[in-house]
Amino acid sequence: MIEVEHLTKNYGLVTAIRDVSFSVAAGQIVGFLGPNGAGKSTAMRILACFMPASSGTARVAGHDVFRESMEVRRRIGYLPESVPLYTDMRVAPYLDFVAEVKGVPRAERRRKVADVMDRCLVTEVQNRLIGKLSKGYRQRVGLAQAIVSDPEVLILDEPTIGLDPKQITEIRSLIKALAGQHTVILSTHILPEVSILCDAVIIINKGAIVAQGPIEALVEQFFPTARVEVEIVGPPPAVRDRIRAIPGVLSVQDQAGTNGDGRYVVEAARGRDVRAEIFQLAAQQRWDLLELKRVGMTLEEVFIRIVAGEEAAAGEAGENPRS
Amino acid sequence: MRIWPIFKKELRLYFTSPVAWVVFTIFLLIGGYFFYSIFAFFTLASMQSAMNPAMGRDLNVTDSVMRPLFSNISVILLLLLPLVTMRLFAEERRSGTIELLLTYPVRDGAVLAGKYLSALALYAIMIGLTVLYPGIVMYFARLEWGPVLTGYLGLLLMGATFIAVGVFASSLTENQIVASITTFGVLLIFWILGWSADYAGGTTGKVLQFLSILEHNESFAKGVLDTKDILYYLNFTVLALFLTLRSLEARRWKG
Ligand SMILES: Nc1ncnc2c1ncn2[C@@H]1O[C@H](COP(=O)(O)OP(=O)(O)OP(=O)(O)O)[C@@H](O)[C@H]1O
Ligand SMILES: [Mg+2]
Chain A
1 MIEVEHLTKN
11 YGLVTAIRDV
21 SFSVAAGQIV
31 GFLGPNGAGK
41 STAMRILACF
51 MPASSGTARV
61 AGHDVFRESM
71 EVRRRIGYLP
81 ESVPLYTDMR
91 VAPYLDFVAE
101 VKGVPRAERR
111 RKVADVMDRC
121 LVTEVQNRLI
131 GKLSKGYRQR
141 VGLAQAIVSD
151 PEVLILDEPT
161 IGLDPKQITE
171 IRSLIKALAG
181 QHTVILSTHI
191 LPEVSILCDA
201 VIIINKGAIV
211 AQGPIEALVE
221 QFFPTARVEV
231 EIVGPPPAVR
241 DRIRAIPGVL
251 SVQDQAGTNG
261 DGRYVVEAAR
271 GRDVRAEIFQ
281 LAAQQRWDLL
291 ELKRVGMTLE
301 EVFIRIVAGE
311 EAAAGEAGEN
321 PRS
Chain B
1 MRIWPIFKKE
11 LRLYFTSPVA
21 WVVFTIFLLI
31 GGYFFYSIFA
41 FFTLASMQSA
51 MNPAMGRDLN
61 VTDSVMRPLF
71 SNISVILLLL
81 LPLVTMRLFA
91 EERRSGTIEL
101 LLTYPVRDGA
111 VLAGKYLSAL
121 ALYAIMIGLT
131 VLYPGIVMYF
141 ARLEWGPVLT
151 GYLGLLLMGA
161 TFIAVGVFAS
171 SLTENQIVAS
181 ITTFGVLLIF
191 WILGWSADYA
201 GGTTGKVLQF
211 LSILEHNESF
221 AKGVLDTKDI
231 LYYLNFTVLA
241 LFLTLRSLEA
251 RRWKG
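Line order of the protein sequences matches chains A and B.
Each residue of the first sequence is one higher than the one before, counting from 1 in the numbering used here.
Each residue of the second sequence is one higher than the one before, counting from 1 in the numbering used here.
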């Protein structure tokens, strides 16, 4: 649905994104991740036909964003990062205006606007001035204007920023409900959100893509180990040595933030489940086993590892490395 | 071309914000004052001429009231129209709404047309309100409608030009004040060009006279329709709108 090839954008002398390529299949929700200033918004603005790229191509639903801009624009809904809305308009007339500009036929307009206000939970503020709405409500109106014409592709730049926890859950379920018929590309800094919402992620750092693919695949790629957390009451040196002696165990460390009080992280080769062995060991040594659990790698760790790895590599090489 | 929704939205915004009302009020106040003083002066003059028939021969309401009134109104326009147009693009840019507007499935040209026509419509309403003045004159004296109609056409064409310049200035900046001062400055320059035409003389004088915004408006109020004048305003307008389109496009590249 979205195909981006060798996209580069320079703002004057600043290169915001460099040789970015990725693709998103129809019906998928893809998360766009990266630290501040990585170039997420820039890439999304190009996809949304707000500005042309310096070089490279981007296609949405088979149409080039530059040469067939109108075709692309008819098929997208865009929510910019700053959620720019006409503050001196009221919610319902504003959404009606957007629907009209987007070419929703007059006969369907009233119904579509009512429907989108319902879905984005703004019906109760439909007669209020947008400028007088709270940040969260403005965010929802922004989302409503993006989906009012029922576009095939949604480009959402940080859609849940500034919302309260309840609203975040509501907006997330709204986005989740859009999957299937819609292709969604969203950027965010809330990584658990990506794990909940997205089928795949694209991680971008300093203008270049550093990793992309389904979340599990990335976890596997960047954490080729299985991890177990244990809490054992016993002499720490002995506990460490004995556990390390179990076949397949790669390392035993104190858990982060603990101070040798018996909580350890055990890394084993991928696919090895060492929990039974640890249990046997504790029983045999008469140590008290208080806790034993396998932990999954979070996207957060993947993200930090990738971005930090990039930074380290950049420090050594003195410039931006591989893509 | 989806001009209509944009036109509607912009025109409604003029009336839901105080802009239209303030501009109308000030325009009618000052216009009314001009009308009153011109008309009062004319009444005085015609009373004197009744006693002195030699003077009365070239006294004529159309020439003595409507013509000065049109030229006074054009001065008010010079001051007020930049305030009407300054918002159109500058505000979209400042608030960032341009990022959404320019990603909707409408061409830049349609966005421009919608905005331009909304200001033009507001302006048409504004000068439409002044029909009151010739109405009053007609009540007291016989008025030739020809020069009044062409006078209004002249005002409309001149206003269309002012608005086009204003829209262009508004597309150049995100600051409304800068937009309005730029518009005013540019229009004023073209306004005063005609002044020096008289003593510049020769080709320079001709060129200056040709460029002067004011010069081209004179014949309308005399009841003369000259294609040269009409083309001057139309060309000026089209050029300003064309430059606006280029400026919108250039802004896109800059991001
Ligand atoms: N209009 C602009 N003019 C000049 N430079 C810009 C402009 N917009 C962005 N940049 C630069 O381009 C780079 C990428 O910015 P971008 O906004 O795409 O980052 P981002 O990934 O969206 O960051 P954030 O997470 O903070 O939203 C930054 O270095 C930024 O300073
Ligand atoms: Mg951003």
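Bear in mind the hints are in silico, worked out from the structure with no lab data behind them.
You may find that some hints are simply not true.
What the hints assert, rightly or not - In silico DSS-like cross-links for lysine-lysine, where the CA-CA straight-line distance does not exceed 27 Å:
id	chain 1	residue 1	chain 2	residue 2
1	A	Lys-132	B	Lys-8
2	A	Lys-132	A	Lys-166
3	A	Lys-112	A	Lys-132
4	B	Lys-206	B	Lys-228
5	A	Lys-112	B	Lys-8
6	A	Lys-112	A	Lys-166
To be verified - Label pairs and their computed distance ranges (CB to CB):
id	chain 1	residue 1	chain 2	residue 2	range
7	B	Thr-25	A	Gly-131	19 to 27 Å
8	A	Ser-134	B	Tyr-139	55 to 63 Å
9	B	Leu-245	A	Glu-300	44 to 52 Å
Stated by the list, open to error - Partial selection, computed: residues in chain B whose CB lies under 7 Å from chain A:
id	residue
10	Arg-2
11	Ala-20
12	Asn-60
13	Val-61
14	Ser-64
15	Gly-96
16	Thr-97
17	Tyr-104
18	Val-106
Since we're looking at a predicted model, the values are computed, not measured.
Note that beta-carbon positions come from the ideal geometry of N, C-alpha and C, so glycine has one too.
Taking the earlier hints as the rules, which of them does this structure contradict?
11, 12, 13, 14
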